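*Asks:* Okay, here's what each chain looks like letter by letter:
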Amino acid sequence: MRRYFGRKLLIYAITFILAVTVDWAIPRFMPGNPVEILIARAGLKAESAKLIYSYYMKAFGLNVPIWRQYLNFWIALFHGDLGVSLWLFPQPVMKIIKQAVPYDILLLVPAILLSWLAGNKFGAYAARSKWLDNTISPLAYILQATPYMWLGMLLAWLCGVRLHLLPFSGAYSNAMMPSFSWSFVWSLLQHWILPFASLFIVQFGGWAIGMRNMIIYELEADYSHYLEALGAPRKLVRSYAFHNALLPQITGLALQLGAIVGGALATEIVFSYPGIGFLILQAIQNHDYFLLQGSCLFIIIGVLLANFLIDLAYVLVDPRTRVGMQGEE
Amino acid sequence: MAQPRKQNEALYFMRRNAKLQIGVAIVFLFIILALVGPLITKYQPRDYVAPGAQPPSSEFWFGTTSFGEDVFTQFVYGLRSTFLVGMVGGGLGTLIGILIGFTAGYRGGIADEVLNMLTNIVLVVPSLVVLLIVAAYLEVRGLVFESVYIALFSWPWAARAIRAQTFSLRSRDFVDLGRLSGMKPLKIIFTEIAPNMMSYLLLTFILQFGGAILTAATLDFIGLGPTEGMSLGLMMNNATTYSAIMLHMWWWFIPPGLAIMAIVGSLYITNVGLDEVFNPKLREM
Amino acid sequence: MRRVVSILLVLALLTGVLGVTSVAAAATTEFPRSQTLYTGGKQWGPPSNWNPFMTGNYATGTIGLCYETLFLYDPLTAKFTPWLASSGKWTNSTTYRLVLRPGLTWSDGKALTVDDVKFTIELGKKTTLNFSSLWSWLTSITKVNSTTLDFKFKTALYQEWDNYLYNLPIVPQHIWGTKSLTDVATGANDKPVGSGAYLYNTYDQTKMVWEKNVNWWATKALKLSVAPKYIIDLVNTSNENSLGLVLQGQEDLNNNYLPGISTLLTGGYALHTYYPSAPYNIAANTAWLDINLQKKPMSDLAFRKALAYGINVADIVSRDYNNMVQASDPTGLLPMWNKYVDQAVVKKLGITYNPAKAKQVLAAAGYKDVNHDGYVENKDGTKIALKLIVPNGWSDWMAAAQMISKSAKTVGIKIVASYPDFNGYLDARLKGTFDLAIDNQANVSNSPWTYYHFIFYDQLKDIPTTQGGNYGRYNNKTAFALVTQLDKTKTTDLAAMKAVISKLQTIQLTDLPMIPLWYNGMWAQMSTTYWTNWPSSVAGKNHNLPVTWNGYWNMTAILMLTQLKAVKQP
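Chains as they are written, first to last, in the numbering used here: chain A, 218 to 546; chain B, 122 to 406; chain C, 304 to 873.
Mixed in with the good hints there might be a few duds.
[Said to hold, decoys possible] Below, in silico cross-link-like pairs of lysine-lysine (DSS-like), each with a Cα-Cα straight-line distance of 30 Å or less:
no.: 1; chain 1: A; residue 1: Lys275; chain 2: C; residue 2: Lys428
no.: 2; chain 1: C; residue 1: Lys494; chain 2: A; residue 2: Lys315
no.: 3; chain 1: B; residue 1: Lys163; chain 2: C; residue 2: Lys690
no.: 4; chain 1: C; residue 1: Lys734; chain 2: A; residue 2: Lys275
no.: 5; chain 1: C; residue 1: Lys709; chain 2: B; residue 2: Lys163
no.: 6; chain 1: C; residue 1: Lys494; chain 2: C; residue 2: Lys523
None of these hints come from the bench; they were simulated from the model. Predicted model, so just to flag it, every value in this text is computed and none were measured.
The whole structure should be built from the sequences, with the hints applied where relevant.
*Replies:* Right under this line is the structure:
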């Protein structure tokens with residue numbers, strides 16, 4: 218047990234340090250510096266710009282030696298301080314991220330969970346008969362092969378522009394401010410459906426395929442044949458196969474997190490949905506390197522944490538790993 | 122001695138597998154289009170050839186963009202770069218995966234531990250995010266650069282699969298026989314293990330190819346693709362920027378995404394078909 | 304399994320909704336459409352700053368709707384309208400006397416007096432603000448009486464001073480006097496208190512909400528009343544999103560560059576633009592071709608001449624912009640400054656597209672195509688391949704760069720369009736490492752002096768930090784001296800201004816330090832679904848500027864709000 222977790226923790230720690238360093242280092246190697254951009258945007262009179270330039274260099278801590286900047290970055294990180302945004306100066310990066318996170322949770326968690334559940338269910342159906350397999354599987358493969366943003370664009374065009382059924386940008390109506398009223402929640406829901414559907418549909422395909430393959434594999438295992446030989450009903454055999462197949466699907470979930478984050482980013486761009494993915498795009502477009510750094514780091518840490526939690530869950534769920542570990546000791 | 126019969130067997134089943142045939146046919150079609158297309162169109166992707174925003178007509182099969190560029194021309198040139206990225210990115214990813222996976226599987230021990238750790242590290246990091254950080258700062262980005270990038274983050278999937286396969290093959294009888302008879306390790310690898318893994322490597326490459334195309338499309342869509350040239354993802358990016366959805370210019374954004382879906386989907390289905398051909402157990406289903 | 308998942312789902316939904324609604328609880332939560340004006344096009348990120356001294360960061364309307372300036376300036380008529388001030392004039396060559404309007408109030412009820420004006424401007428001396436350089440030629444401000452201030456200068460730069468008169472925001476001493484200097488310079492200044500027609504109401508990630516100030520001083524003093532009760536400025540997410548909003552009547556005034564608008568005007572979408580036909584918008588700034596004079600062959604005047612003859616701007620105007628912009632005249636001065644253009648000089652020295660002439664000039668100067676690759680080489684035989692940079696993602700400029708490359712090809716000059724990322728583009732321009740670049744830094748203002756200061760910016764060593772202009776590093780002491788002389792010329796002395804400008808134009812057209820290409824417009828698309836009586840060039844309509852960009856409210860856009868009429872909804 219200790220060895221298993223020890224190894225996992227080591228991997229996560231190394232990944233974390235590497236990610237932070239890369240995240241910090243890259244902006245230092247780019248041409249120009251962020252203060253130039255701030256000044257370009259401000260359209261200042263030349264003489265004033267000279268004064269403001271040195272002011273900002275100090276304000277952003279860009280006038281100390283490089284090693285000191287690296288150290289400061291780590292110290293700030295452990296205080297939960299991801300720096301100050303350039304584009305939205307003087308808002309702190311952490312504050313901006315915090316405002317965007319609820320939208321990601323709203324979008325990603327239901328999409329991941331529901332697509333995982335539904336995908337597993339349909340994958341199991343597909344493994345029942347050849348006829349079902351030949352109808353569901355190709356569909357699932359095609360869904361898995363669909364680029365997220367293209368599906369988003371298609372949905373936006375069909376449901377939004379052509380049929381005027383649903384809104385296709387933003388998180389809620391422009392005429393409203395967030396409040397605990399039904400009209401606000403309704404508006405929130407309407408704006409949520411299309412981006413949610415984009416993510417759900419593509420991921421659904423992936424899980425269905427995965428489950429189908431796993432079940433076929435399980436049905437070929439010795440214990441399945443043994444149960445069948447003993448005369449157990451097909452339903453029982455299949456239910457054992459299903460539960461055994463779920464385990465690799467859980468690890469699959471952990472491994473897919475990185476890809477899902479990428480898909481969410483593309484979807485948020487199409488629907489202008491104000492999550493972190495959209496924030497990252499705006500940070501890139503507005504050359505706000507501190508916000509970009511902070512958001513990317515936030516996502517990386519989030520993914521690492523999620524992976525760790527899933528590893529924990531896996532140990533709890535799969536008795537074999539526990540036995541295996543006992544054997545190790 | 123087992124080779125000739127095995128090859129005949131494989132070919133026999135390949136010719137009968139519907140999934141394989143359909144998948145290969147579709148991908149082949151697009152490859153032909155990518156090769157021949159730029160030759161039959163008389164324009165360059167960025168040429169201004171007609172009034173903007175024209176729907177498909179007999180002269181412009183896919184209509185024109187907001188600027189008056191021929192969408193069909195952009196499409197076929199985009200197909201070219203899409204296939205290139207898939208080839209280079211997927212190929213490189215498979216190669217790295219083979220190297221690492223094979224070494225880990227064959228040597229075992231410390232090498233396996235270290236490489237496993239490396240694989241897990243790269244697996245866990247959300248690749249798109251790191252790609253964003255790096256690509257956003259580069260002044261000029263090329264197609265090769267993008268492919269290398271994608272390969273650097275997609276090899277773990279290949280490595281894991283190959284490592285597992287190598288493990289199982291390593292302990293087979295014919296390998297032990299080879300070792301007993303004094304064959305050099307390299308000879309064993311090339312004459313005994315590799316041929317048995319060929320099918321597996323092919324499957325892995327196809328998956329990497331498809332994955333590279335999808336990743337490249339996403340990168341291009343965000344605007345972090347190559348700064349020169351044309352690609353299907355870039356077409357979708359331009360369409361979005363120029364409000365194609367709003368202005369009902371469906372001919373601009375539907376073909377590129379449809380093509381990607383068709384190509385990658387066919388690749389996946391081909392993969393399934395090939396898997397059935399090589400793996401008798403699956404054929405029964 | 305099922306239970307765990309359902310619990311997770313419920314948790315996620317709860318966290319999500321709570322997180323979204325936990326943003327500052329607003330008093331008003333729904334805004335009636337008929338009383339709201341939706342604008343967009345200036346704000347490229349969530350409102351985060353209301354500090355009027357932080358140009359480029361403050362939310363739309365911070366100066367204009369909330370904080371106000373001493374005068375308004377109308378660029379179309381070149382007239383100043385007294386606003387917070389009631390009058391101002393130069394009593395001698397170095398003293399400016401300002402008289403403040405009586406009866407002004409801040410939105411919190413306190414009076415706006417000359418003390419506030421003096422305090423505001425002196426802030427620029429106490430800390431580094433965007434106008435602090437004023438104090439290098441302003442000596443002191445003296446309070447003459449309760450409504451009059453005397454500004455004493457070391458040197459009077461008349462053209463620049465006028466610029467401050469309609470750009471300096473006046474802030475309340477009773478609030479800003481209690482702030483620390485860091486807060487003054489870089490604080491966010493949320494819940495701003497100003498003197499203007501609108502009050503801060505609320506904001507969120509997607510919009511800034513201003514509410515009508517019923518106690519606005521101008522209602523009594525100038526009989527002006529703004530029509531919309533709420534102004535909601537929407538954050539730009541993308542051009543496509545903005546276009547959708549305007550077409551659906553969900554945004555009333557949009558100031559983005561929206562390609563395709565020219566065709567949409569006839570599509571039944573209740574759209575309106577300032578000019579009913581091309582160029583649709585008033586010219587706002589000039590797009591220039593920056594040429595790096597430190598590099599060969601750009602250092603050769605003959606080559607620059609050939610380049611100027613060889614660029615087909617008409618193509619860019621019609622194809623790239625669908626006639627939403629206008630080709631520039633050889634001086635690059637905006638159409639509103641036509642009276643300053645010395646037509647005789649332009650006739651004699653002005654260069655327009657003439658590919659035959661371009662080839663002639665190249666040949667006469669000794670540039671030959673030695674290796675027959677279609678492009679000329681340097682006199683010493685080395686290849687010429689000039690890189691023209693524009694920021695990646697600025698699609699219309701990217702297309703323009705391509706077109707320039709194509710037209711240069713026909714006269715034998717090899718130009719390669721390149722799209723580095725914005726920071727790379729900016730850095731190359733600032734450090735002077737580029738070959739050619741497109742830039743549009745010079746904007747509409749009260750005086751062509753700003754243009755000549757940009758073309759002939761003289762502090763060459765400071766360009767990387769000040770971004771003053773003259774990125775090609777053109778060095779001509781005579782020109783620099785003339786620009787300073789222009790600054791010191793009185794704004795009322797038209798003849799003297801014209802004389803200096805004529806000399807500058809002669810130098811500019813003779814030496815071609817940079818080549819003007821086209822005029823970008825004050826992009827403005829208006830929807831007539833909910834509001835009407837928008838600014839229009841048509842006789843009898845108001846000629847205010849329909850623009851929400853920084854600095855435009857005080858160039859009469861605020862007056863546009865007083866002219867709007869709500870459309871009766873069925």
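*Asks:* Run every hint past the structure and note whether it holds.
*Replies:* Taking the hints in turn, this is what the structure says about them:
no.	hint	in the structure
1	Lys275(A) x Lys428(C)	19 Å, holds
2	Lys494(C) x Lys315(A)	21 Å, holds
3	Lys163(B) x Lys690(C)	27 Å, holds
4	Lys734(C) x Lys275(A)	21 Å, holds
5	Lys709(C) x Lys163(B)	17 Å, holds
6	Lys494(C) x Lys523(C)	25 Å, holds
Checked against the numbered hints listed earlier, the structure breaks none of them; every hint is satisfied.
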